[in-house]
Amino acid sequence: MKRRTFIKAAAGAAALATPAIRSAAAQTAPTRNETLIVVQEYGPNSLDMQGIGSAQPVNGVSLNCYDTLLRFKRVPFAEGTMTHDLLNYDPALAESWQIASDGMSCTFKLRENARFHSKRPVTAKDVKWSMDRAVSIGGFATTQMAAGSLEKPEQFVAVDDKTFRIDFLRRDKLTMPNLGVTIPFVFDSETAIANSGGDPWAKDYLKNNIAGSGAFKVESWKPGTETIYVRNDDWACGPLPQLRRVIARDIPSPSTRRALIERGDADMSYGLPPKDFKDLAEAGKVRVAAVPVPNAIWYVALNAANPPFNDVRLRQAIAWAIPYEKIMSAALFGRGVPMWGGPEKIGKIGWPVPSHYSANIEKAKAMVAAVTGGTTISTSLLFDAGSATIAEPMAVLVQESLAQIGIKVELNKIPGANFRGELNKKTAPMVINRFGGWLDWPDYFFFWNYHGKNSIFNVASYQNKEMDALIDGARFATDPATYETQVRGFLQMGMDEVPMIPVCQPFHDVAMQKNIGGYTYWPCREPDFRFLTKGA
Amino acid sequence: MRAILLRFAGALPTLCGVVVVTFLLTRVLPGDTATYFAGPTASAESIAQIKASLGLDLPLTEQFRRYVVALVHGDLGMSLTTGQPVLTELINRLPASAELTLCGLFLAIGIALPLGVFAAVRQGSVIDHACRIVATAGVSLPVFFTGLLLVYIFYFILGWMPAPLGRLDAFASAPPAVTGFYLIDTLLARDTETFRAAAAQIVLPAGTLALFALAPIARITRASMLAVLGSEFIRTARASGLSGPTVVLTYALRNALLPVVTVLGMVFSFLLGANVLVEKVFAWPGIGSYAVEALIASDFAPVQGFVLTMAILYVLLNLGIDLLNRAIDPRARRGA
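These protein sequences, in sequence, are chains A and B.
According to our numbering, the first sequence is numbered sequentially starting from 1.
According to our numbering, the second sequence is numbered sequentially starting from 1001.
Hints are supplied without guarantee of correctness; some may be wrong.
[As the list claims (entries may be wrong)] Here are the computed distance ranges between Cβ atoms for each label pair:
#, chain 1, residue 1, chain 2, residue 2, range
1, A, E325, B, T1061, 53 to 63 Å
2, B, L1012, A, P121, 52 to 62 Å
3, B, L1323, A, T28, 49 to 59 Å
[As the list claims (entries may be wrong)] The list that follows gives simulated cross-link-like pairs (lysine-lysine, DSS-like), each with its CA atoms no further than 25 Å apart:
#, chain 1, residue 1, chain 2, residue 2
4, A, K426, B, K1051
5, A, K203, B, K1051
6, A, K119, A, K203
7, A, K217, A, K152
8, A, K453, B, K1051
9, B, K1051, A, K152
10, A, K348, A, K365
11, A, K425, B, K1051
12, A, K217, A, K162
[Unchecked claim] Far from chain A, by Cβ distances over 12 Å, these chain B residues were calculated:
#, residue
13, A1009
14, P1013
15, V1021
16, D1057
17, T1082
18, L1107
19, F1156
20, L1188
21, R1190
22, T1194
23, P1216
24, G1241
25, R1254
26, A1327
27, I1328
These aren't lab readings, by the way, just hints derived from the structure by calculation.
Where a beta carbon is used, it is the ideal one built from N, C-alpha and C, also for glycine.
Based on the provided sequences and hints, a complete structural model is requested.
Structure, rendered in structure tokens:
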């Protein structure tokens, strides 16, 4: 990676010039125009994204209340919608950084004026403590850090108060991008340790308290009811947010969430069923920001380790029998990108890419008959009750379609808590599921879903030494040409062997009033209040 | 007094049974808490770590021993879905459910009792038929449907009612907690503006519950009134020349209330548990929705806490009903 130095003199000057205005503004209560009301299905169950068992919305707390060393650069996507670039970064707590000439370490210069909410200046010691914590605490945080070859506390060095270095274990293209996600954020280590009650990672304290430097503080947190954020007027890592107060209410019923956004009582509504997003987008009263979720697909997995689907001919037959168009219109209501009907040979590399299959019942029927000689196969199809809004109609359509080619499918709807357990058993013959990695690389997706390491997400339990070699080759390839060959190799093999049948790449939809601007899509998918604006 | 103590003692085995059964049931359920909370990219190790930190790798007897010891110390455990101690959550959420249920119940009584009395007095009249229709409609419409319908009409179309955002509008702040009932706390704090906001928020959910509770109360009142009105002492009262209202209200109603009160107790406990769906539609932060969310996530502690709380409530409620019956009916006092 090239040397990058970002010293935002302009930002510094602006920060110096505005204190008088800020303190004047701070005296008045936030107006309705400076207050955002977000409605979501459920809110954070902790304030510490590194902690074990933190749910999806906790990512939002990390995003808004804490800072990372660097941020992904925001790039325009559509009107009123921004997305991000995983390979280009904006300075956050680090105002500049440089990769060593041997490519085996990176040195970060911390921002001089960055302070925690406790008014303490941010030091390299805090960064080290936070990184050490992420790789040691266990659970999701540690797994995510390891995805970028950040594995041991010895890798993190506080050189001096404002200089921090990461020593790399190996050259891994995911290391730098992994510093921009919602896990390696920086805690105020002194405050955390002082309140830890003896726990070296202050888990209980940080679960219930913010000790960060981020753009927002949590004013009140009532789990299951609401979270109220207020702006940190001394935020140093970016332009001062326009919003001074954000009220995030937990509204479990999607119908109610839709009514609230349509009536204008909520500024932003998260997590509606695709049909509602389609209706809202068509009605045009509110804006629906739709970003195809990078790296993610809805798929039908076929258990490649056990009969009957260990026979590749049957898997291919099913790939020709999936009613793709019907699923797209009746289950997803068009809220996604089709992932079928592509070229026979993989064209442009990336993920997801369309498969070369499409609905062709006659062809599928003939292929099944060639294997079974006309006897009916009975099997079952699993899906998560938690995503039943989409998965259930999808499963019914697959069931109908497979009945026509001599495969009798029994549907098996599994409650959320049991679903992962069922996947872990590795015995389910057919599964409808969705997966997407935060780090948008094809090899990352394939590592989790197709590799012989057989992670829980290799739902098909697909084992193939050749495939493993291609995936591993791509993960640590150093020159672009090798990388491309390897990726093309595993993409082609994935499509030909079809342990997973890609169906579509889902949209991440968010409905908001038209006066809301600056919406940014991040890998964690949670709303970022820092860049949001609210017009009159 | 002795009778009350005896009743309490009698409830103890029930509560012990509830503790054992809920513990076993939550363990028998096929969910895997650790896998669920390990997050999307969990490895086998991180799942094992979570299991160990939750004590789920211990033998069942040891888990039960720890649970009971904690229970004796008033510790109901931690919820994983909300990350908070179960006891605090229940204490915070019970008043919300209780306030909603009581409002719904009082609303239902306010409508159902007169309706039932009139229907009995004027048997076969328009009011009698109206009573029958309302009662049938009330029980046959599922609460989430009535809830959504009311939201659609009164909030979405007409805009008469505030946004169904829970107990208070997003910009109002909760009154200082005394009873936990916003309608009472706001009055105690002499904050009429917040009182109005809280009252406006509770109208639709309470109305939904009331519609559901109307039917049993109205039907029982009518049936019980009919039986009493046909009895001899009423004929005697009428023959003695007492006025219509006196006969109906003073003599008939008081005697007819006994079964009504018993039914009220049942309806109340039923509503408290069954208002889950109303809580969901109106984003009401009550205990019903709390327990259901926890159950879906195989989050044991809140489920156990919820069942135990409900069991204690039922015991207290039945006791209350008995006492009320004694107050109404002198025979019950002698009988004990």
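Hints versus structure:
1. A:E325 with B:T1061: 53 to 63 Å: holds, 56 Å
2. B:L1012 with A:P121: 52 to 62 Å: holds, 59 Å
3. B:L1323 with A:T28: 49 to 59 Å: With Cβ atoms ~55 Å apart, the hint holds.
4. A:K426 with B:K1051: holds, 20 Å
5. A:K203 with B:K1051: holds, 17 Å
6. A:K119 with A:K203: holds, 22 Å
7. A:K217 with A:K152: violated, 30 Å
8. A:K453 with B:K1051: The given pair, whose Cα atoms are some 22 Å apart, holds under the 25 Å limit.
9. B:K1051 with A:K152: At roughly 23 Å apart (the allowed maximum being 25 Å), A:K152 and B:K1051 satisfy the hint.
10. A:K348 with A:K365: violated, 31 Å
11. A:K425 with B:K1051: With a Cα-Cα distance of about 17 Å, the restraint between A:K425 and B:K1051 holds, given a limit of 25 Å.
12. A:K217 with A:K162: holds, 24 Å
13. A1009: holds, 36 Å
14. P1013: holds, 31 Å
15. V1021: holds, 20 Å
16. D1057: holds, 14 Å
17. T1082: Since the minimum Cβ distance to chain A is about 4 Å, B:T1082 lies within 12 Å and the statement is violated.
18. L1107: With a cut-off of 12 Å, B:L1107 remains clear of chain A, as the shortest Cβ separation is near 21 Å.
19. F1156: Violated: least Cβ distance 5 Å, not greater than 12 Å.
20. L1188: Holds, since 21 Å exceeds 12 Å.
21. R1190: holds, 22 Å
22. T1194: Check passes; 16 Å lies beyond 12 Å.
23. P1216: B:P1216 is indeed farther than 12 Å from all Cβ atoms of chain A, at 26 Å.
24. G1241: holds, 58 Å
25. R1254: holds, 43 Å
26. A1327: Consistent with the label, B:A1327 stays out of reach of chain A, its closest Cβ about 38 Å off (over 12 Å).
27. I1328: holds, 39 Å
Consistency note: the structure conflicts with the earlier hints numbered 7, 10, 17 and 19.
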